[in-house]
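Enquirer: So the protein sequences, as listed, match chains A and B. If you use numbering that gives the first Met the number 0, the first sequence closes out at 103, no skipped numbers anywhere. If you use numbering that gives the first Met the number 0, the second sequence closes out at 296, no skipped numbers anywhere.
Please note that a few of the clues may not be correct.
Label-pair restraints from in silico Cβ distances [what the hints assert, rightly or not]:
#: 1; chain 1: B; residue 1: Ile-179; chain 2: A; residue 2: Asn-68; range: 55 to 65 Å
#: 2; chain 1: A; residue 1: Thr-87; chain 2: B; residue 2: Leu-229; range: 27 to 37 Å
#: 3; chain 1: A; residue 1: Thr-87; chain 2: B; residue 2: Leu-45; range: 27 to 37 Å
Hint data in this document are derived by calculation from the structure and do not stem from the laboratory. Computed from a predicted structure; not experimentally measured. From the three backbone atoms N, C-alpha and C, an ideal C-beta is built for every residue, glycine too.
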Amino acid sequence: MKKLNLTFLITLFMSSLAFSTVSAAAETHYQLQVDGLACPFCEYNIEKKVGKLDGVLKVKANLKEGVVNVLVADGKTLSEKKVKQEITDAGFTLRSINSHQGKK
Amino acid sequence: MKRRVQWQTWGVGVTLLASASVSAGPITFNSALPVAKGALINREILLIHRFKGDVTSANRDLEVNGLASVLVYGVTSKLALFGVLPYIDKNLDINGGQSIARHSKGIGDTKLFARYTFFKQDERGKTLRFAAFGGFKAPTGDDIQTDSFGRLPIPLQSGSGAWDTLGGVVMTYQTLDYEIDAQLSANNKGRANDFALGNEYRADVSLQYRLSPLEDDTHSFLYGVLEANLIHLDRNQLLGMDDDNSGGTSLFLSPGIQYVTPKYVLEAAVQLPVLQNLNGSALATDFIFTTGFRINF
């Protein structure tokens with residue numbers, strides 16, 4: 000009985016680990032190269048603009064690298080056209096957009 | 000004679016109150032930095048203007064203090080609308096022979112203008128922008144205040160009673176390490192009550208140098224600021240005639256400090272006269288202290 004319980008617990012643990020990995024992997028991380036970002040005041044505007052796009056969970060700008068990291072929810076994708084428009088509206092220039100699956 | 004002196008000083012005080020840089024940028028004039036479409040920024044400015052001792056027998060002592068609220072709205076990423084509403088307090092003491100004190104306070108004239116960015120070149124961590132701006136100043140301030148000596152002269156009133164037009168161009172080059180802004184502007188003063196302040200022409204430049212280190216997780220900058228303002232005022236006119244005791248050219252140097260975060264900016268600068276080539280017996284500036292904050296909504 001004890002052996003059965005232990006096996007059940009191990010199976011449960013492995014299942015939840017596998018599930019959480021799948022769940023994290025389903026989120027998509029985008030990295031936007033944005034030109035013109037040169038001060039913290041600009042950072043806030045671009046985070047606010049990109050953050051309102053559908054499916055966006057988290058936005059963080061890195062001034063030093065000139066990149067904006069965006070985490071998008073499972074099943075959602077970031078439209079390059081919409082991202083470009085929001086960045087243009089914020090007053091900056093989108094140079095490139097890259098994405099990969101999995102939480103970063 | 001009293002009125003001539005006051006006309007000169009009024010012009011300088013109001014000019015500085017109306018400076019309207021709202022993004023991180025210069026403290027004493029405008030910036031070409033973007034205001035995001037749909038964004039609202041508020042800047043509050045406290046200004047203390049002190050004048051040097053009077054060399055004439057009138058022994059005049061003038062103080063101008065002001066608070067200015069600036070609101071800016073981004074219509075598009077290139078077009079921004081600015082509104083500047085000052086509250087001004089003026090005190091003039093004349094101690095030659097008999098002592099006379101004259102005082103006014105109240106809402107000043109409202110300045111409204113638009114800025115359009117006609118050129119921008121963005122690169123990683125840097126941007127170059129050119130913008131043009133133009134607008135007007137509406138006579139919203141009280142220009143009929145009185146005291147025990149009668150109606151105050153127009154330059155001591157909170158408002159001028161006149162409509163002004165203004166325009167200029169501004170350039171901003173911003174990198175992660177420093178920012179340079181330069182502006183050329185003109186302000187055509189209107190006429191009211193048979194009186195017109197002299198037109199104003201300015202050339203301004205600002206350097207903001209980042210003093211704090213830049214790391215991956217840096218979200219605030221501390222800037223050391225040095226600005227220069229070259230200001231020329233034409234002579235005032237009363238009943239169509241020039242006042243030889245008004246107008247002139249001044250050059251100010253302004254050291255300052257600025258703390259910039261994503262949501263707000265704190266700043267202070269003191270404008271010190273380097274050159275004051277004023278006409279006649281106009282009072283010269285001792286210093287102008289400017290401090291305030293900006294909020295990015």
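Enquirer: Does each hint fit the structure? Answer for all of them.
Expert: Outcome of the hint check:
A hinted range of 55 to 65 Å for the beta carbons of B/Ile-179 and A/Asn-68 is inconsistent with their spacing of about 30 Å. As the Cβ distance of A/Thr-87 to B/Leu-229 is approximately 36 Å, the hint placing it in 27 to 37 Å holds. Taking the beta carbon of each, A/Thr-87 and B/Leu-45 are about 36 Å apart, inside 27 to 37 Å as hinted.
In terms of the numbered hints stated before, the structure departs from hint 1 and from no other.
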